[in-house]
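**Student:** Each chain, written out:
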Amino acid sequence: QKEVEQNSGPLSVPEGAIASLNCTYSDRGSQSFFWYRQYSGKSPELIMSIYSNGDKEDGRFTAQLNKASQYVSLLIRDSQPSDSATYLCAVNNYGQNFVFGPGTRLSVLP
Amino acid sequence: DTAVSQTPKYLVTQMGNDKSIKCEQNLGHDTMYWYKQDSKKFLKIMFSYNNKELIINETVPNRFSPKSPDKAHLNLHINSLELGDSAVYFCASSQDFGTGSNTIYFGEGSWLTVV
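Protein chains in written order, with the working numbering: chain A, 1280 to 1389; chain B, 163 to 277.
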């Protein structure tokens, strides 16, 4: 069973702080990794994708991938109340479907 | 322009009824998906089509039947609706199925409530 795991949260951080979201996956053949943000009552929207070990930065967001540890994380710097949402980690293996984690609920407190 | 659009957005129906959800994408993608998100927000694959061909058919009741008339459309028909079918159903698409740089894009979701 290919699984993606995340802490369900809620993760609460004060405004301006760094939020750290973590994800582990079981399928060593996984090649592509994604972070989606989902606001309540809305559809998931892509924040970042990462394919190689290391860090990838996009604005306030940094994705980190460690394939040896089967671990991917998302850091949100200078967290804003508008970042409050559920963050979904997704993993894709070539030719397979996108497997999503259960999501981590983030609450940024003003 | 909405990239992945699905209708209806809200659907309230009685147990035992048959209903359909339609999905269309204008991104030129080859692959389309149906995902189900339950009350615990867990997003789970149901079906995937690549160029109108069924690729993934997860363990879902036979009451659920997808249909892809062309690669831009993927509809979901549900027979004999049950209370447990109440969920949000997301249609999604991606450029290709077998490439590592694939990205999946979601429609706005269809909120199904069975009473």
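A portion of the hints provided could be inaccurate.
[Claimed, not checked] Each pair of labels, with its calculated beta carbon distance range: (1) A:Pro1289 to B:Trp273: 19 to 29 Å; (2) A:Ser1331 to B:Leu189: 20 to 30 Å; (3) B:Asn179 to A:Asp1357: 22 to 32 Å; (4) B:Met177 to A:Arg1339: 44 to 54 Å; (5) B:Asn219 to A:Asp1306: 31 to 41 Å; (6) A:Leu1388 to B:Lys202: 33 to 43 Å; (7) B:Ser201 to A:Asn1286: 16 to 26 Å; (8) B:Ser182 to A:Gly1333: 42 to 52 Å; (9) B:Thr265 to A:Gly1308: 47 to 57 Å; (10) B:Val174 to A:Glu1336: 21 to 31 Å; (11) B:His239 to A:Glu1282: 43 to 53 Å; (12) B:Lys202 to A:Ser1348: 18 to 28 Å; (13) B:Ser227 to A:Ser1348: 35 to 45 Å; (14) B:Asn241 to A:Gly1338: 19 to 29 Å.
[Claimed, not checked] Part of the chain A face toward chain B, derived, beta carbon under 10 Å: (15) Gln1317; (16) Gly1333; (17) Tyr1350.
[Said to hold, decoys possible] The following residues of chain B were derived to be distant from chain A, with all beta-carbon distances above 12 Å: (18) Gln168; (19) Val174; (20) Thr175; (21) Lys203; (22) Lys206; (23) Pro223; (24) Ser230; (25) Pro231; (26) His239; (27) Val250; (28) Asn264.
Everything labelled a hint here was simulated from the structure, so no lab data went into it. Glycine included, every Cβ here is placed at the ideal spot set by N, Cα and C.
**Student:** Evaluate each hint against the coordinates.
**Tutor:** Here is how each hint holds up against the structure:
1. A:Pro1289 to B:Trp273: 19 to 29 Å: 23 Å, holds
2. A:Ser1331 to B:Leu189: 20 to 30 Å: Cβ of serine 1331 of chain A to Cβ of leucine 189 of chain B: about 25 Å, so the range 20 to 30 Å holds.
3. B:Asn179 to A:Asp1357: 22 to 32 Å: Given about 49 Å between the Cβ atoms, the range is violated.
4. B:Met177 to A:Arg1339: 44 to 54 Å: Since the Cβ atoms of methionine 177 of chain B and arginine 1339 of chain A sit about 46 Å apart, the hinted range of 44 to 54 Å holds.
5. B:Asn219 to A:Asp1306: 31 to 41 Å: 19 Å, violated
6. A:Leu1388 to B:Lys202: 33 to 43 Å: 24 Å, violated
7. B:Ser201 to A:Asn1286: 16 to 26 Å: 19 Å, holds
8. B:Ser182 to A:Gly1333: 42 to 52 Å: 45 Å, holds
9. B:Thr265 to A:Gly1308: 47 to 57 Å: At roughly 19 Å between Cβ atoms, glycine 1308 of chain A and threonine 265 of chain B fall outside 47 to 57 Å, so the hint is violated.
10. B:Val174 to A:Glu1336: 21 to 31 Å: Taking Cβ atoms as reference, valine 174 of chain B and glutamate 1336 of chain A lie about 44 Å apart, which means the hint is violated.
11. B:His239 to A:Glu1282: 43 to 53 Å: 30 Å, violated
12. B:Lys202 to A:Ser1348: 18 to 28 Å: 27 Å, holds
13. B:Ser227 to A:Ser1348: 35 to 45 Å: Between serine 227 of chain B and serine 1348 of chain A, where Cβ atoms are some 41 Å apart, the hint holds.
14. B:Asn241 to A:Gly1338: 19 to 29 Å: 46 Å, violated
15. Gln1317: At 8 Å from the nearest chain B Cβ, glutamine 1317 of chain A passes the 10 Å test, so the hint holds.
16. Gly1333: With Cβ-Cβ at 16 Å, over 10 Å, it is violated.
17. Tyr1350: Violated: closest Cβ of chain B sits about 18 Å from tyrosine 1350 of chain A, beyond 10 Å.
18. Gln168: 9 Å, violated
19. Val174: Holds, because the least Cβ-Cβ distance between valine 174 of chain B and chain A comes to about 16 Å, which exceeds 12 Å.
20. Thr175: At about 20 Å from chain A, threonine 175 of chain B clears the 12 Å cut-off, so the statement holds.
21. Lys203: 5 Å, violated
22. Lys206: The claim breaks: lysine 206 of chain B does not keep its Cβ more than 12 Å from every Cβ of chain A (closest is about 7 Å).
23. Pro223: Nearest chain A Cβ is 19 Å from proline 223 of chain B, so the label holds.
24. Ser230: Non-interface label stands for serine 230 of chain B: nearest chain A Cβ at 16 Å, farther than 12 Å.
25. Pro231: 22 Å, holds
26. His239: Answer for histidine 239 of chain B: holds, closest chain A Cβ roughly 21 Å.
27. Val250: 9 Å, violated
28. Asn264: Check fails; 6 Å does not lie beyond 12 Å.
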